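Trainee: Numbering (our numbering), first residue to last: 25 to 471.
Simulated from the structure, these hints should not be mistaken for lab results. Take these hints with a grain of salt, some might be off.
As the list claims (entries may be wrong) - Per label pair, the in silico range of CB-to-CB distance: (1) G218 <-> G366: 21 to 27 Å; (2) G91 <-> G282: 41 to 47 Å; (3) A192 <-> P338: 49 to 55 Å; (4) Q235 <-> H267: 48 to 54 Å; (5) A163 <-> G405: 30 to 36 Å; (6) G91 <-> P195: 36 to 42 Å; (7) E407 <-> P195: 18 to 24 Å.
These numbers come from a predicted model, not from an experiment. Cβ coordinates follow ideal geometry from the N, Cα and C atoms, glycine included.
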Amino acid sequence: MMTNDSLSPVQQIIAAHRRGEATGLYSVCCSHPSVLRAAMRVATAYGTVLLVEATSNQVDQFGGYTGMTPLRFRDYVHDLARQQGFPLERLVLGGDHLGPNAWQSLDAASAMRNAETLIAAYAAAGFHKIHLDCSMRCAGDPQYLSDELIAERSARLCVVAERAAADAGLPPPVYVIGTEVPVPGGEASLAQAGAVTAPEAARRTLDVHRQAFMACDLHAAWRRVIAMVVQPGVDFDHSRIQHYDAAQAAELSAFVAGQPGIVFEAHSTDYQRESALHQMVRDHFAILKVGPAATFALREGLAALCHIETELVPCGQTSRLMQVLDEAMLAQPSHWARHYPGSSAEQRLLRRYGLSDRCRYYWGEAPVMAAAQQLFANLEGVEIPLSLLSQHLPEQYLEVLQGQLPASANALLEHKIGRLLAQYARACNRNAAADDSAAAGSAAAIC
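Can you build the whole structure from these sequences, using the hints too?
Mentor: This is the structure:
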């Protein structure tokens, strides 16, 4: 039996939750530097651990859509933390939906070989929290994968992760199992949203994974399974939100309360009311994932800064950031076309304002990055009047007015993102929430 001192920060939080403490863990699923800097400021202000997760299509052994391998992503996030003065011992990296997701067009044997290389790269790079997800149907697979096959493939990947971490001289990972989740990034329509997971289905997921782990002699790894992914009844599409209903999730919550050592992990918690986030942690959905809502706040902040820019910078010198972003999306529609239905006018609105925030895939495109750099350079050379802040960034205006926030473009943007992330920090750390006024009083705080 491990002592509390030998537990990782993630395991300590889960253990505290299972002892009845009002605590949880929020996961920031994003690679944008402004979002990550804001997350580090929030974690500093509220005294929380910061869990940053990369998804299997975002970061893989070939670079993913970000162009980063797991090792490069680790170094990138660690460099940001050092620049922010954020302690690495409070920073945890996680891998989300790790499995054959990116190779579903291949036969299962080939897809799983790629998945083994993927998960070995994550574990060897020090990603501590690993979501094993083999729910994806590969070429030649039956239309519906059995629970046993999903669990068998997940255990196979766990063997690889255990070996890779040990070979790298790293502490063994902790694992999340289960696959009954909303579509990553939100549904195309809430009509596709799933019902709350039945307790019987959750029990079966737990049982078949336990059997698969035991069959692979993964007894020690099974003791490090900290959570199971289920559908708590929260989701969103491009324009609507499915809000948490504690009564509908009561039986599911009661089920996990009787399973020692684990909690539920909730995906697609974006856009939930803060009160619902608190309720979810209370009901043992103690790991809350957020992604598109953070980049939605990023996009809102950048759009507001563009409005300010047009008032202060000569027309021919403006960045045209939002136009450049839309041009990039039109040039490469694969990330949004099947998600945004309707006429060209309706699609234009969704590209800019959709809650699923498909524009998040384009911030790393070279023309978009150049336009963003020009926006910040333009605003560095001018003083932003309070009246324009009041018009376009009213919440940040109040902080500037009180001397709590500098009126620089970067600070304004990160503060806006931080207000969203702070809801998660408060939900996952009730002690921090009780001392929220103290956090608000710090010049570095995001509240």
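Trainee: Taking the hints in turn, state whether each one holds.
Mentor: Do the hints match the structure? See the list:
{"no.": "1", "hint": "G218 <-> G366: 21 to 27 Å", "verdict": "holds (24 Å)"}
{"no.": "2", "hint": "G91 <-> G282: 41 to 47 Å", "verdict": "holds (44 Å)"}
{"no.": "3", "hint": "A192 <-> P338: 49 to 55 Å", "verdict": "holds (54 Å)"}
{"no.": "4", "hint": "Q235 <-> H267: 48 to 54 Å", "verdict": "violated (36 Å)"}
{"no.": "5", "hint": "A163 <-> G405: 30 to 36 Å", "verdict": "violated (55 Å)"}
{"no.": "6", "hint": "G91 <-> P195: 36 to 42 Å", "verdict": "violated (28 Å)"}
{"no.": "7", "hint": "E407 <-> P195: 18 to 24 Å", "verdict": "violated (49 Å)"}
In summary, the numbered hints that this structure violates are 4, 5, 6 and 7.
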